[in-house]
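Trainee: Position chain X relative to chain Y; hints supplied.
One letter stands for each residue in the lines below.
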Amino acid sequence: MGPVPDSELLVRKIREGTVIDHIPAGRALAVLRILGITGREGFRVAVVMNVESRKLGRKDIVKVEGRLLKPHEVDVIALIAPTATINIVKDYKVVEKRRVKIPRLVEGVLKCKNPTCITRKKGEYIRSRFRLVSEKPVILQCVYCGTLLHEDEILAQVLGEQE
Amino acid sequence: MGGLQAGSVGAFKGRDVISILDFTRSDLEELFEAADWFRRRLLDGNVPKLLDGRLVALAFFEPSTRTRLSFEAAAKRLGGETIGFTSEEAISVAKGESFADTIRMLDAYADIIVVRHKYEGAALYAAEVAEKPVVNAGDGRQHHPTQAMIDLYTVKLLFGSPDGLVYAVLGDLRYSRAAISFLYGLTLYKPKRVYLVSPPQLRIREEVEMVLRERGLPYREASDITEVIEEVDVLYVVRIQRERFPDPMEYEKVRGSYRVTPELVKKGKPTLRILHPLPKVDEIDPRVDSMPQAAYFFQASLGVPLRMALLTMILGVYAG
Numbered sequence: 001m002g003p004v005p006d007s008e009l010l011v012r013k014i015r016e017g018t019v020i021d022h023i024p025a026g027r028a029l030a031v032l033r034i035l036g037i038t039g040r041e042g043f044r045v046a047v048v049m050n051v052e053s054r055k056l057g058r059k060d061i062v063k064v065e066g067r068l069l070k071p072h073e074v075d076v077i078a079l080i081a082p083t084a085t086i087n088i089v090k091d092y093k094v095v096e097k098r099r100v101k102i103p104r105l106v107e108g109v110l111k112c113k114n115p116t117c118i119t120r121k122k123g124e125y126i127r128s129r130f131r132l133v134s135e136k137p138v139i140l141q142c143v144y145c146g147t148l149l150h151e152d153e154i155l156a157q158v159l160g161e162q163e
Numbered sequence: 001m002g003g004l005q006a007g008s009v010g011a012f013k014g015r016d017v018i019s020i021l022d023f024t025r026s027d028l029e030e031l032f033e034a035a036d037w038f039r040r041r042l043l044d045g046n047v048p049k050l051l052d053g054r055l056v057a058l059a060f061f062e063p064s065t066r067t068r069l070s071f072e073a074a075a076k077r078l079g080g081e082t083i084g085f086t087s088e089e090a091i092s093v094a095k096g097e098s099f100a101d102t103i104r105m106l107d108a109y110a111d112i113i114v115v116r117h118k119y120e121g122a123a124l125y126a127a128e129v130a131e132k133p134v135v136n137a138g139d140g141r142q143h144h145p146t147q148a149m150i151d152l153y154t155v156k157l158l159f160g161s162p163d164g165l166v167y168a169v170l171g172d173l174r175y176s177r178a179a180i181s182f183l184y185g186l187t188l189y190k191p192k193r194v195y196l197v198s199p200p201q202l203r204i205r206e207e208v209e210m211v212l213r214e215r216g217l218p219y220r221e222a223s224d225i226t227e228v229i230e231e232v233d234v235l236y237v238v239r240i241q242r243e244r245f246p247d248p249m250e251y252e253k254v255r256g257s258y259r260v261t262p263e264l265v266k267k268g269k270p271t272l273r274i275l276h277p278l279p280k281v282d283e284i285d286p287r288v289d290s291m292p293q294a295a296y297f298f299q300a301s302l303g304v305p306l307r308m309a310l311l312t313m314i315l316g317v318y319a320g
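Just so you know, the protein sequences line up as chains Y and X, in that order.
Sequential numbering from 1 applies to the first sequence in this note's numbering.
Sequential numbering from 1 applies to the second sequence in this note's numbering.
So here's chain Y without its partners, still in its complex pose:
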């Protein structure tokens, strides 16, 4: 075993849960927001920000203890953290490791930018729904009104006031 990386010194290993690694620095809180993790669910959540990374220079890490995130739950973070890797941990060991991939259909996370889209109509119980039309650069299309959401708009929407 090599030297213990700094990031591991900051937060201890988890017994069972999900580690989201290689998040672009500064975006860990936005990742939690996208996943709908508020801290009130009762899981132990560790957020490590701006640690050194060989791949990224600096990166963020999120550890969620006691919850094994399914691919369809977690893939949507690829919208803001395409470099992220998902590590499923059981009994202190990584049993599954994979990269995130933008889902073909993104539901509920984003808001359509067209003010006269039916998903923006007040009083309707309707979730936004976007289909992926391009991965590089990321372009999504509203299933209802056809409006395109471009990468910069998606980032601005999810990261909000952070960037």
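It should be emphasised that the hints constitute simulated quantities derived from the structure, not laboratory data.
Per label pair, the in silico range of CB-to-CB distance:
| hint | chain 1 | residue 1 | chain 2 | residue 2 | range |
| --- | --- | --- | --- | --- | --- |
| 1 | Y | Lys-70 | X | Arg-242 | 45 to 51 Å |
| 2 | X | Ala-94 | Y | His-72 | 38 to 44 Å |
| 3 | X | Arg-220 | Y | Glu-65 | 56 to 62 Å |
| 4 | X | Asp-22 | Y | Gly-123 | 26 to 32 Å |
| 5 | X | Asp-22 | Y | Lys-55 | 40 to 46 Å |
Idealized CB from N, CA, C, for every residue including glycine.
Mentor: Only chain X this time, still in chain Y's reference frame:
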């Protein structure tokens, strides 16, 4: 309803009509054949009461003359009944009822729901909520599939086929759902060339451009109709959609920026035909109305037989 019902015969039975892009060329050929049949029955004054006992809901949350009246005329000539409304003020929406709840109510009362709404995506949403088939009679600036069906049918009757012709679509290509649906409809055929002619502020939206490019429509943009008129077989004109401008000042900047005059028409081929989904405001000089090139009143007259064909095919009562 979401697509075809299991075990249905024909491409239309039980089907929602949300976008012209959901249809194939052979679907449209089948529809046009039925429209021919109904046109002959109308001329003979011998229309079978195929919709006897059927109720068509006309849910017009946004004003309409031709579309609503032609659906109503189509239903009634076939012996069907209609229920519905022509503005939000007249119904419980004015009391704060949601669109989805209004649709659910109509779904319980009627056999088919024709819906027009100022919000884009309203018809698709209605189709998700309703069990009965939903026909989009215009959703904001997005789709107007039955208008596109009428327009393509008009071209077919005038020229034999929409294939191989040169088209110019003139006017507000940004907000006109009729123009956009016509362009989408042309992607099902093989036009020789399509000129998009609009003031720069009113050129097609990026998502429309994406569809036209992906589907390989041979289009070019032009800023002045006089430059291309000599080549054109079908000139499709739309008015500036004043009601969809977010800012009235922007409307003022472009109003009156194009106009089809007898002088322009005379520069074109003698076989040139002019289409317009109507209503027209000032974009066509009224002197053009009496020229042989003006085909828009003929086009409007096809609304009833085409919608008769559509209603009876969706409801599974057309036998041909």
